[in-house]
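Student: Listed below, chain by chain, are the residues.
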Amino acid sequence: MQDTQDLKRIVIEPVTRVEGHGKVTILLDEQNRVKQARLHIVEFRGFERFIQGRPYWEAPVLVQRLCGICPVSHHLAAAKAMDMIVGVDTLTPTAEKMRRLMHYGQIFQSHALHFFHLASPDLLFGFDADVAIRNVIGVAAKHKDLAVQGVMMRKFGQEIIKATAGKKIHGTGAIPGGINKNLTIEERDSFLKDIDQMREWSRGAVKIAKDYTVENLEAIAPFGSFDSNHLSLIREDGAMDLYHGNLRAIDAQGNKIFDQVECTQYLDYIAEEVRDWSYMKFPFIKSIGPENGWYRVGPLARVNACDFIDTPEAEAARKEFMAVTDGKPNNLTMAYHWARMIEVLHSIEKMHELLEDADLQGTDLVVKGERRPEGIGLLEAPRGTLFHHYRVDENDQVTMANLIVSTTSNNEPMNRAVTKVAMDHISGKPEISEGLLNHIEVAIRAYDPCLSCATHALGKMPLVVRLVDAEGNEVAKKST
Amino acid sequence: MERKGNILLIGYGNPGRLDDGLGPALAAEVERWQHPGIHVDSDYQLTVEDAGDIAAYDIVIFADASVNGKEPYFLHPVEPKPALSFSSHSVEPEALMHMAHTLFDGQTRGYVLGIRGYEFNEFGERLSERAARNLERALQYIGLVLENPQLLDAPQDAA
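Chains as they are written, first to last, in numbering that gives the first Met the number 0: chain A, 0 to 479; chain B, 0 to 158.
Hints were generated in silico from the structure; no laboratory data involved. Please note: incorrect hints may appear among the correct ones.
Stated by the list, open to error - Computed cross-link-like contacts, SDA-like style, restricted to lysine to any residue with a CA-CA straight-line distance of at most 20 Å:
#1 A:Lys285 - A:Asn245
#2 A:Lys141 - B:Gly51
#3 A:Lys143 - B:Phe103
#4 A:Lys167 - B:Glu124
What the hints assert, rightly or not - In silico contact screen, one side only, chain A against chain B (beta carbon under 8 Å); selected entries:
#5 Phe46
#6 His116
#7 Ala139
#8 Ile168
Backbone N, C-alpha and C define an ideal beta-carbon position, used for all residues, glycine too.
With the hints as extra help, turn the sequences into a complete structure.
Tutor: Okay, structure coming up:
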């Protein structure tokens with residue numbers, strides 16, 4: 000093995016237009032051939048310690064401090080775990096549906112923001128287009144309608160969250176055993192007024208993502224792509240269910256590795272590997288082992304793993320998606336975008352169903368049960384399966400918290416995508432342009448990682464790319 | 000968002016990260032005043048959908064914690080400026096103003112109110128003593144602005 004001390008080093012720090020911050024290091028030899036490429040997470044974990052000693056009922060609110068990107072997902076996953084702690088296995092219809100509405104609002108706004116404002120510059124202008132154009136302002140200048148749609152769809156989802164969680168910061172909607180408010184008629188009608196527009200824009204977003212994928216299939220098929228396992232929650236009848244279900248894992252050909260595994264059993268099926276060069280762990284399927292047991296989560300994994308989607312328009316879109324790979328799992332990294340927009344359509348269909356359901360105006364909000372010492376809550380967050388696991392002592396204090404966030408599950412796939420793109424597009428090139436480096440970021444952005452969430456830390460910096468020679472001297476620096 | 004008054008105040012930051020919560024803390028206090036001339040919003044960070052709301056107001060004040068700015072606070076105008084790239088973690092006031100003007104045809108004037116904080120690097124729901132004192136001074140200033148919005152364009156001498 001070659002000593003990495005002798006290699007040239009490219010550092011991309013942080014990766015831009017992802018949710019949070021990361022650093023990519025690419026080691027080149029003297030001929031600019033890629034010898035190693037890694038996505039580093041450079042900050043620390045500390046949240047599990049922070050929550051120890053706190054009363055269990057505070058957890059659904061406290062976990063929202065993890066980061067400002069997907070507080071609702073953490074709020075709901077913690078609330079589901081606390082349902083178990085307070086001995087509740089089934090919520091009232093009003094509580095269950097209010098939580099689902101909140102969750103679909105979160106999925107909708109998160110996916111819309113990612114697609115229209117973070118990913119669309121690459122898709123509309125090309126990976127190596129002039130960086131002065133390949134940005135959200137460029138999108139706004141050339142496709143103002145799309146930029147406005149992205150904003151308004153995001154706003155719709157955020158308003159759903161506000162109405163169900165109570166407020167944007169430190170929402171308190173979900174509580175152990177239920178929910179603390181229902182949806183008023185006025186709130187319902189304000190959302191129904193816009194629902195047709197949101198559905199139309201969602202259909203349009205699916206079409207953009209589908210057309211992009213199909214029309215560029217030859218070029219994007221190999222882009223950062225590789226066969227992988229896929230993991231997601233699944234309803235008992237095999238339907239996609241983003242809020243609740245059992246675990247299913249499939250391999251790259253669609254064979255089931257395990258199916259209908261109850262959330263409480265996750266530790267029997269999933270383990271995490273620590274590597275000395277990364278603060279973020281690497282989860283894997285125990286029965287296969289760390290070498291080949293890593294898996295993808297998120298929209299691509301969910302669309303691949305489910306048997307069907309229980310809303311008609313999203314199901315029709317899923318069938319078109321699966322037809323591209325003859326019904327087998329789609330393992331293309333860039334197909335994440337199409338799958339993500341199918342979920343946007345599914346989410347707005349589900350919100351429409353829920354808003355027309357009178358149970359949302361019900362008044363039976365909370366169920367009580369017999370206290371238990373341990374609670375596990377899983378859900379499908381925008382970026383993938385989210386695990387929350389707590390133990391609580393007889394004084395009602397949290398004694399243990401274990402979280403596996405979506406981006407952690409996608410750690411190995413993202414590293415593989417970075418390596419693949421570096422090998423295919425950078426290796427051996429005499430000069431490394433900004434456009435070439437953006438290829439790396441395009442692959443990472445497809446996963447929509449939340450690196451801040453994964454590391455539980457704050458911080459922001461401009462993009463810095465450094466070229467360092469074999470002696471460690473900086474020979475070039477580029478920042479945006 | 001239902002418009003109230005002609006000033007929008009957005010206090011942002013993470014209240015679970017000590018002094019990073021200065022912006023939301025300011026927003027919460029101003030909200031309690033129930034002043035008819037100002038609409039108050041609060042969030043973990045600025046996000047793209049704020050652009051539409053901003054466009055509906057004459058004035059927007061972005062209230063944020065400052066890591067190393069002037070004590071007890073500073074105020075400066077925000078010029079619309081396109082951002083080449085951003086994530087939803089880091090939409091800057093300048094980029095939001097640009098979006099408000101170009102996407103939503105707003106004519107809004109923007110100002111950043113940076114309140115000096117000192118402790119950011121751990122989890123905790125409290126303000127440091129010095130940050131809390133700075134918050135009081137910033138609140139006094141917002142009270143004066145509500146009486147006379149032209150103060151926003153006056154030379155700043157907060158200390």
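Student: Now tell me, hint by hint, if it's right for this structure.
Tutor: We went through each hint and held it up to the structure:
1. Between the alpha carbons of lysine 285 of chain A and asparagine 245 of chain A the distance comes to roughly 17 Å, so the proposed pair stays at or under 20 Å and holds.
2. Restraint check for lysine 141 of chain A and glycine 51 of chain B: satisfied, since their Cα atoms lie roughly 19 Å apart, inside the 20 Å limit.
3. For the hint pairing lysine 143 of chain A with phenylalanine 103 of chain B, the CA-to-CA distance comes to about 10 Å; that is within 20 Å, so the pair holds.
4. Taking the CA atoms of lysine 167 of chain A and glutamate 124 of chain B, the gap is about 17 Å. The hint holds against a cut of 20 Å.
5. A hinted interface residue such as phenylalanine 46 of chain A counts as satisfied when its beta carbon comes closer than 8 Å to some beta carbon of chain B; here the least separation is about 7 Å, so the hint holds.
6. Taking 8 Å as the C-beta cut-off, the interface hint given for histidine 116 of chain A holds, the closest approach to chain B being about 6 Å.
7. Using the Cβ-Cβ criterion of 8 Å, the hint placing alanine 139 of chain A at the interface with chain B is satisfied: the shortest such distance is roughly 6 Å.
8. Interface restraint check: isoleucine 168 of chain A against chain B, minimum CB-CB distance 6 Å, threshold 8 Å, status holds.
The structure fails none of the hints (numbered hints given earlier).
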